[in-house]
Amino acid sequence: MSRFIVRRSLSAIALLFATSVVVFGIFEIIPSYNPARAIAGRNATPTTVEQVSKKFGFDKPFYVQYVNTMKLIFTGQVIDYQDDLNVVDQFKQKFPVTLSLVIPAGILWLIVSIILGSISALRVGKFSDRALMVAAILGVSIPVFLLAALLLYLFAFKLPWFPNTGYVKFGDNPWQWVYHLILPWISIAVLSIGFYSRVLRSNLLDMVNQDFVRTAKAKGLPQQAVFRHHVLRNSLMPIITMFGLDFATLLGGAALVTETIYNLPGIGQYEAQAIGNLDVPPILVGSMFTAFFVVLFGAFSDVLYALLDPRIRLTG
Amino acid sequence: MAIDHTHQGGAAALSEGAGVVAGELGGDAWSEGHHAPAIGPWKLAFRRLRRNKVALAFLGVFVLIVVACLLAPVYSKHIAHIGPNANNVTGTIKVGGKEKDVVSPDGVPIGPTFTSHYFFGADTNGRDLAVRLLYGGRTSLEIGGLATLIIIVFGTIIGLLCGYFRGFIDAILRPLMELIWSFPPVILGVAVGTALALGGIGPIKGNSLFIPALIIGVIYIPYLGKPIRGEVLRVREQDFVDAARVQGMSPLRIMFSEVLPNVASTIIVFVPMMLAYAILLEAYLSFLGAGVQPPNASWGSLISDGIQYIQTVPSYALIPGAMLVLTVLSINVVGDGIRDALDPRAQVRIKT
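Here the protein sequences come in this chain order: A and B. Under the numbering used here, think of the first position of the first sequence as 4, with each following residue one higher. Under the numbering used here, think of the first position of the second sequence as 376, with each following residue one higher.
Simulated from the structure, these hints should not be mistaken for laboratory data. One or more hints might be untrue.
Simulated crosslink set (DSBU-like; lysine-lysine; CA at most 30 Å straight-line) [said to hold, decoys possible]:
#	chain 1	residue 1	chain 2	residue 2
1	A	97	A	74
2	B	418	B	428
3	A	57	A	74
4	A	129	B	428
5	A	63	B	418
6	A	63	A	74
Among the chain B residues that face chain A by a calculated CB cut under 10 Å, a handful are [what the hints assert, rightly or not]:
#	residue
7	542
8	651
9	686
For every residue, glycine included, the Cβ atom is placed at its ideal position computed from N, Cα and C.
Extracted from the complex, chain A is given alone in its bound form (with noise of 0.2 Å):
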């Protein structure tokens, strides 16, 4: 278990060095890119803009900046170059809208398909099983930036069920909370449903054929108990690795189109400006802690891999 943990976290520190060095030498390479223009603002004179440069240290080589960038990152004293605002602290304050949105729609999809990926398996080849089967394909063909459009036009527009845009904090009021968020939650759901209930049905079948699954039927268990704790548990076991890794993808993929078009305050929307706005400093920061949820996910999920499953033993 040590000699897992060791292992892990150096690959992550090599991992999240990788990814610091990957998405500053991006912008490097940008022959017109400027960024003391862009703190200087749109009227800046060249001397204005000359003297911004050496403030912040633009004019230094590659290698100088980017450890120059990586201190105040880790002193948390990194600022935007678009509003001059401290960048840790729009996280910290940003970090819990998106978690509102991420954590409710990760544990609504991982439910329903479970119960879709298991309905389909159990009534194999039956009507049910197409039909689910056929939503699950075209869950996955739509993308999650049309999905919000279409729901909310449909069922904030046309059908006005729910709110318009906009977030409200749970403390402040949670039903409220609920309301502004149900359509969020379903947009990032739903491609992950379609997608984990036909990776799960096909688990299932395959583990239905196994000798294990005939010698427990063969012992008299009821066929609910056989489903339950030998197949379905089981078939479970690949989609906690997606899960986890997906769920923390969740955090720089889906969230940035999901909160732009819902106009939810939380880290995808400042993300999604900054990159409009080629600002670096929150890109550089929301790339590496997304890179740091992968890694701490795709840990987790090896340790409750390992809980599932006695026989596995946590290596590294």
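Given chain A's structure and the hints, the job is docking chain B onto it.
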């Protein structure tokens, strides 16, 4: 975005299942007392695919969309009489005998007219949406196709090299693939896309279609490279590879003439899947302004333009959206059909 890793090992399944299916196909040969006709696994798979009516229907839909998009210049010239980038903000058109503004004074574009001019309405600049839809589709398909080509060629080569040589090459390429793989595709694509759209890369200009195609291709290379590597690791341990080595074949020849045919079914299964992924990622990038650069359009950028009018002119965003979904859906259904045809277990399963 996750990816389905569950259907690897198609080649192995193919040889196991071939016997089962040969029985149901070779009826005539049995009755004449001869041996069962020798049908290759590829031919069998093709026959199974041909019997899958749903997959064939969606293949038809996909071909139709591709042809329609390729004919965009014809539609633009002979039916709509307007180019894809021709502005017409102040113009008026006759709809049902009444003169209407193409773009109303407060900036709202006209909705679908269902006549030859502005069949699906106009965009904010008074450009014909139907024409832009076809041209945009061409862009989306071109980028998707090009990206898929990059993924298949480089994913296969990298997978073969890593799996066959292991050691040094593997130690370099595998962490590189891991690095790309652990980035969320949308963030990586958007960051690189915005950067390159401004500056271009080498001789390629910033607004070239090669840039999004290249970015999408590189992002998804590990999605194919990793499973191919795993398959090659398994195949290279088999006796026929040893036999080839003993005969003195060069590693390059072994890789391409002995190992590659044995991972070919995995590659084929990945082609439609990667095409669907590439078209979707292109839409994401263009939606976030990091893909196709104006005045060019793609389905993603059209949806992005239309979303601000979702209340007043919902067709503006929803028509390109419907085209995008239909295209990706048909690719996915055909891909499923191909997978089932190559993996007979899927067929057997349904009968149990």
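Here is how each hint holds up against the structure:
Restraint check: the Cα-Cα separation between residue 97(A) and residue 74(A) comes to about 22 Å, which is no more than 30 Å; the hinted pair holds. For a cut-off of 30 Å, the pair hint linking residue 418(B) to residue 428(B) stands: about 17 Å separates their Cα positions. Only pairs whose Cα atoms come within 30 Å are accepted, and residue 57(A) paired with residue 74(A) is accepted, the gap being roughly 18 Å. Taking the CA atoms of residue 129(A) and residue 428(B), the gap is near 18 Å; set against the 30 Å cutoff, the hint holds.
Proposed proximity of residue 63(A) and residue 418(B) is contradicted: the alpha carbons are some 63 Å apart, above 30 Å. Between residue 63(A) and residue 74(A) the CA atoms are separated by roughly 15 Å; this keeps the pair inside 30 Å, and the hint holds. A hinted interface residue such as residue 542(B) counts as satisfied when its beta carbon comes closer than 10 Å to some beta carbon of chain A; here the least separation is about 20 Å, so the hint is violated. Below 10 Å, beta-carbon pairs count as interface contacts, and residue 651(B) has one with chain A at about 7 Å; its hint therefore holds.
Residue-level restraint check for residue 686(B) holds (minimum Cβ-Cβ distance to chain A is 5 Å; threshold 10 Å).
When each numbered hint is compared with the structure, violations occur for hints 5 and 7.
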